[in-house]
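> Sequence:
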Amino acid sequence: MAPLFSILCVVAAVSSPEALFDEANAAYGAGRYDEAAAMYEQLIAEGVHDAVVFFNLGNACFSAGRLGPAVANYERALRLEPGFDRARMNLDHALASAQRRLAPPLLPWWEQTIFFWHEHLSPQFVSAAAALCWCAFWALLGLRRYRRFAYSRLLLAGVALAALAFGISAWAKAHPPAIAVASQERVPVRYALDDTGTVHFELSAGDRVRVEERQNAWLLVSTTDGQRGWTEAAAMTLVGPPYTPAPSVTAGTPKTGGAE
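Under my numbering, the very last position in the sequence shown is 260; numbers go up by exactly one each time.
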């Protein structure tokens, strides 16, 4: 019984997320980029949604020549940690190698104008701030019932406004625009939902587009300059959430940087 227990403990240790993460980093350091990417993808599939894991996966994909998945994973890391400077730097470096360098999809107008301040705040921060302001509002309201104090109405209004602002910000962070990244050298976008239809325009690897609709294996996508059409989902990497594996496409590109 004791040897069996020891074996089970060893297996559990080897299959733990920490062990798999270390193994993926070791594979990356040894230049086995596709192997490292597969292990990072396994971590993500098991529910490890961490900015560093996405960043490392982006590095592995870029080093393996998979520009589209690299861009998508840098975007994932920045959605979780907007202040992740290394991810932003590597994203810019990856985009510099893109052929078309298509402008990224814009945020909704209300986020650009009213909620411009939350761009560099993490989802965790705005959620915590919303909860704190909400608790503070009810605490002040309860205190005001037992003891009146100067400017209590003004303070309550300010805290309520802050709770509302952070609450909307948290909702926006939890429901980001659906973005996809072209993951093949050339991705045709057609007028109709049919792989034999007329090609409207083409995307290049690394181009980011907004996803407006999905029907089976097809995506209705639009660019910042107003072009829109249908393309095959298998040629794109969805930024998510949910975080789906990227298509496996390889082509030679240089290495960007090491794993965390």
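Hints listed in this document are in silico derivations from the structure and should not be mistaken for laboratory results.
Careful, some of the hints might be misleading.
[As the list claims (entries may be wrong)] Derived CB-CB ranges, DEER-like:
#: 1; residue 1: E212; residue 2: L164; range: 40 to 50 Å
#: 2; residue 1: Y151; residue 2: T224; range: 19 to 29 Å
#: 3; residue 1: L107; residue 2: R214; range: 36 to 46 Å
#: 4; residue 1: H200; residue 2: M89; range: 25 to 35 Å
#: 5; residue 1: E202; residue 2: Q124; range: 19 to 29 Å
#: 6; residue 1: F149; residue 2: P241; range: 52 to 62 Å
#: 7; residue 1: D34; residue 2: A234; range: 45 to 55 Å
#: 8; residue 1: A19; residue 2: R228; range: 20 to 30 Å
#: 9; residue 1: G83; residue 2: H200; range: 16 to 26 Å
#: 10; residue 1: Y151; residue 2: P245; range: 48 to 58 Å
#: 11; residue 1: A131; residue 2: R101; range: 23 to 33 Å
#: 12; residue 1: L106; residue 2: D85; range: 38 to 48 Å
#: 13; residue 1: P241; residue 2: S152; range: 40 to 50 Å
Being a predicted model, the structure only gives us computed values, none of them experimental.
We treat Cβ as the ideally placed atom computed from N, Cα and C, and that holds for glycine.
> Indicate whether the distance between the beta carbons of E212 and L164 respects the range 40 to 50 Å.
Once the Cβ atoms are compared, 29 Å apart, the range 40 to 50 Å for L164 and E212 is violated.
> Okay, D34 versus A234 on CB: inside 45 to 55 Å?
18 Å, violated
> 19 to 29 Å was suggested as the range; check whether the CB atoms of Y151 and T224 agree with it.
Given a distance of about 46 Å, which is not inside 19 to 29 Å, the answer is violated.
> Can the suggested window of 19 to 29 Å be confirmed for the beta-carbon pair E202 and Q124?
38 Å, violated
> Determine whether the Cβ-Cβ distance between L106 and D85 falls within the hinted range of 38 to 48 Å.
22 Å, violated
> That 36 to 46 Å hint for L107 and R214 (C-beta), does it hold up?
The hint (36 to 46 Å, Cβ to Cβ) is violated, given that L107 and R214 are roughly 21 Å apart.
> Taking 23 to 33 Å as the stated bounds, is the beta-carbon spacing between A131 and R101 within them?
40 Å, violated
> Between A19 and R228, does the beta-carbon spacing fit 20 to 30 Å?
45 Å Cβ-Cβ, so the 20 to 30 Å window is violated.
> Could you check the hint for me, namely that G83 and H200 are 16 to 26 Å apart, CB to CB?
Hint violated: Cβ distance 38 Å, outside 16 to 26 Å.
> Please check whether Y151 and P245 have a Cβ separation lying inside 48 to 58 Å.
55 Å, holds
> If you check the beta carbons of P241 and S152, does the distance land in 40 to 50 Å?
Cβ of P241 to Cβ of S152: about 41 Å, so the range 40 to 50 Å holds.
> Does the beta carbon distance between H200 and M89 stay inside 25 to 35 Å, or does it fall outside?
For M89 against H200, whose Cβ atoms are near 34 Å apart, the range 25 to 35 Å holds.
In summary, the numbered hints that this structure violates are 1, 2, 3, 5, 6, 7, 8, 9, 11, 12.
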